[in-house]
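Line by line, the protein sequences give chains V and Y.
Note that the first sequence covers residues 1 to 250 in the working numbering.
Note that the second sequence covers residues 251 to 613 in the working numbering.
Among these hints, one or two may not hold up.
Here are the in silico distance ranges between beta carbons for each label pair [as the list claims (entries may be wrong)]:
id, chain 1, residue 1, chain 2, residue 2, range
1, V, K37, Y, A588, 41 to 51 Å
2, Y, Y612, V, S81, 32 to 42 Å
3, Y, A502, V, H159, 17 to 27 Å
4, V, E163, Y, V265, 17 to 27 Å
5, V, E163, Y, A588, 37 to 47 Å
6, V, V242, Y, A502, 47 to 57 Å
7, V, R237, Y, R603, 29 to 39 Å
8, Y, A611, V, N223, 51 to 61 Å
9, Y, A588, V, V197, 31 to 41 Å
10, V, V40, Y, V265, 34 to 44 Å
Which bits of chain V does chain Y cover? Going by a derived footprint, with three or more residues having C-beta under 8 Å, they are [to be verified]:
id, segment
11, 24 to 37
12, 198 to 212
A short list of chain Y residues far from chain V (calculated; beta carbon distances all over 12 Å) [what the hints assert, rightly or not]:
id, residue
13, N259
14, G367
15, L513
16, R529
17, V602
These are calculated hints, taken from the structure and not from any lab test.
Just so you know, these numbers come straight off a predicted model, no measurement behind them.
Ideal placement from N, C-alpha and C gives every residue a C-beta, glycine not left out.
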Amino acid sequence: MSSQGPAFARRSDSGADSSTDLIIETRNLGKIYRTGKVSVEALRGVNLSVKAGEFVSIVGPSGSGKSTLFHIIGGLTPPTSGSVRVGSFDLASLNDSGRTNMRAQAVSFVFQKFNLLPNLTARENIDLARYFGKNQQSEDSAEFAAILEKLGIANRLSHLPSELSGGEQQRVAIARALVNRPAILLADEPTGNLDSVNSDAVLEILRDLNDRTGQTILMITHNPEAAAYGHRIVQMRDGAIVETLRDSAS
Amino acid sequence: MIATIVRSNVSHRPVRTLLSTLLIGIAVTLILTLVGVSRGITEDNTSRNTGVGADIIVTAPNSSLLSFSGTAIPDKVPAKLASLPHVAVATGTVNSASLFDGVTGIDVPTFTAMSGGFVFESGHIFEQPDDIILDTYAAQQMKKRVGDKVNMLQKEWNVVGIFEPGKLAHAIAGMAVMQKLIGGTGNVSRVYIKADDPANIDTVVTELKAALPNYGITRMSDYTTLVNPNQIGPLRIFIRVVIGIAVIIGFAVTSLSMYMAILQRTREIGILKSLGGSRTFVMQLILAEAVILGVGGTVVGILLSFMTRWLLHTFVPASMPQAITPDWWWKAGLIALAGAMLGAIYPGFIAVRQDPIEALAYE
Chain V
1 MSSQGPAFAR RSDSGADSST DLIIETRNLG KIYRTGKVSV EALRGVNLSV
51 KAGEFVSIVG PSGSGKSTLF HIIGGLTPPT SGSVRVGSFD LASLNDSGRT
101 NMRAQAVSFV FQKFNLLPNL TARENIDLAR YFGKNQQSED SAEFAAILEK
151 LGIANRLSHL PSELSGGEQQ RVAIARALVN RPAILLADEP TGNLDSVNSD
201 AVLEILRDLN DRTGQTILMI THNPEAAAYG HRIVQMRDGA IVETLRDSAS
Chain Y
251 MIATIVRSNV SHRPVRTLLS TLLIGIAVTL ILTLVGVSRG ITEDNTSRNT
301 GVGADIIVTA PNSSLLSFSG TAIPDKVPAK LASLPHVAVA TGTVNSASLF
351 DGVTGIDVPT FTAMSGGFVF ESGHIFEQPD DIILDTYAAQ QMKKRVGDKV
401 NMLQKEWNVV GIFEPGKLAH AIAGMAVMQK LIGGTGNVSR VYIKADDPAN
451 IDTVVTELKA ALPNYGITRM SDYTTLVNPN QIGPLRIFIR VVIGIAVIIG
501 FAVTSLSMYM AILQRTREIG ILKSLGGSRT FVMQLILAEA VILGVGGTVV
551 GILLSFMTRW LLHTFVPASM PQAITPDWWW KAGLIALAGA MLGAIYPGFI
601 AVRQDPIEAL AYE
């Protein structure tokens, strides 16, 4: 893993500079998981603002609530309290169907375990996201073809995931996440299952995407070096944001 | 896209697919075999009765065409009927049998005059009271040849002839010995009439109705219609019960198969949902796969029904003739599909309700 990420300065707030161009905004976000008679408060009044085009890293120990925040922003689970706005979607008011629609159109995921459908080829996995996003483009556009080239998987699309290396699988997952030009790319430990060479490659790809296309990226990671690729590092602990480190150059 | 995913799921888990298809196919085979046997038995019976060469069948008062045993017609009746105008031949038979098996007693001269006689593969017509002749199916099933002993109706018979099937019964003996054996001395079970000209059949029927007011008078041309599984109450109920069992089997097999598939694919369902796959999409996937299994099972079931026919024809050709029933293929297919779809609904419901986060965490 290289350590070429930018230097960071401490900030006292947990959000962006202004409300203009905000693509993610959470206010007093709370989430309580109930299992039988046991309740676990996973999020406690989280306020987070992310501007369009930002690359934000969320770090924190296990159980700090970062995955829960990620799942709520991604529309995989509803919040218990507070408000969440992602693009034009007010998630607190959406039902399951509405969140499904939001996931198909506005948000894409890149997971630690790649999460490609094992029985579909790389191309079919990408086409599946295209199908859910109601993307009428049946063939790869020049722009997407360039992304495939950049990801280095243009000639690997006819292979099943089991025929690809971990790095290749993650790059297919990134291509799948980008095919519908989502407003937000949510990456959950995208390098967690990769060796250092592939980790660097994936992080470089994410950073390059953000630089060149302005793709908003929210990335969860345990790894400080990976987190340093973001413009901002949001530190979570015990279900709350405790600190924000900002790239001094941004 | 649904087709792509279903095709890949089916082809990438060939053992599960083949087992599910086979089990649904067995349910289809169950239906087709039992319907085929029901039809085969009645068709065989009809064929053997029409093989007698008669134009009309006379049955005793209050007796059904489907009543194959009992002797309630005086054995003088055939001779009297033979003397009616336009009646060429009349011959009585004594049936000990059920629908499925048994021995029939005949009067050789009149039966031969009507049917043209038996074509023997070996041996000859019976000559002694203990003699019996078997058709080739019965001989094959009982593994008997001319000169062997055979025990039927609690009597030991000498097999004296093996004849080509298609005439009246699988096992035939003399009328007198049969009357004595079943306690029907002086009576016959039914009378077969042949008109002197097919154009005179209606005239003969009218004569018979006048001469035998309470008797059953049936044209042979109507016999096929009257003797079929749908007209036979117990068979009809039997077929419905079998179909019910087949639906339950199809339902259970598909349900179990799809439930297992959904357990195996919990993570995949989570992936689909995380990508924006709706509940409807997931349910469509499950149902589409159930349809594939149902259609595959139908094809397998149809093919297996040919195998059961071969097995029955090889081992019990006289007792269990099985007809191939193409008109039931689509019905059995629909039943299998209905069972498969019903079976897929509950697992499908579980799948669509799965929490995507829990599903994605599933190992």
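Are at least 3 residues of the segment 198 to 212 of chain V within less than 8 Å of chain Y when you compare beta carbons?
Result for this restraint: violated, n = 0.
Given as non-interface: L513/Y, which should sit over 12 Å from chain V by C-beta
Given a closest Cβ separation of 15 Å, the condition holds.
Against the range 32 to 42 Å, how does the distance between the Cβ atoms of Y612/Y and S81/V compare: consistent or not?
Since Y612/Y and S81/V have Cβ atoms about 28 Å apart, the given range 32 to 42 Å is violated.
Are all beta-carbon distances from G367/Y to chain V longer than 12 Å?
With a cut-off of 12 Å, G367/Y remains clear of chain V, as the shortest Cβ separation is near 68 Å.
V602/Y clear of chain V by more than 12 Å, beta carbon to beta carbon?
violated (10 Å)
Regarding A502/Y and H159/V, is the given constraint of 17 to 27 Å on their beta-carbon distance met?
violated (38 Å)
Against the range 29 to 39 Å, how does the distance between the Cβ atoms of R237/V and R603/Y compare: consistent or not?
holds (33 Å)
Supplied distance hint 37 to 47 Å, evaluated on CB atoms of E163/V and A588/Y:
This hint holds: roughly 39 Å between Cβ atoms.
Consistency of beta-carbon spacing, A588/Y to K37/V, with hint 41 to 51 Å
holds (43 Å)
Kindly confirm whether 34 to 44 Å is satisfied by the beta carbon distance between V40/V and V265/Y.
The hint (34 to 44 Å, Cβ to Cβ) holds, given that V40/V and V265/Y are roughly 41 Å apart.
Verify this for me: three or more residues of the segment 24 to 37 of chain V with a beta carbon less than 8 Å from a beta carbon of chain Y.
violated (count 0)
Just tell me: holds or violated, for the beta carbon distance of A611/Y and N223/V against 51 to 61 Å?
Distance hint for A611/Y, N223/V is violated at roughly 21 Å.
In the structure shown, a violation is registered for the earlier hints numbered 2, 3, 8, 9, 11, 12, 13, 16, 17, in ascending order.
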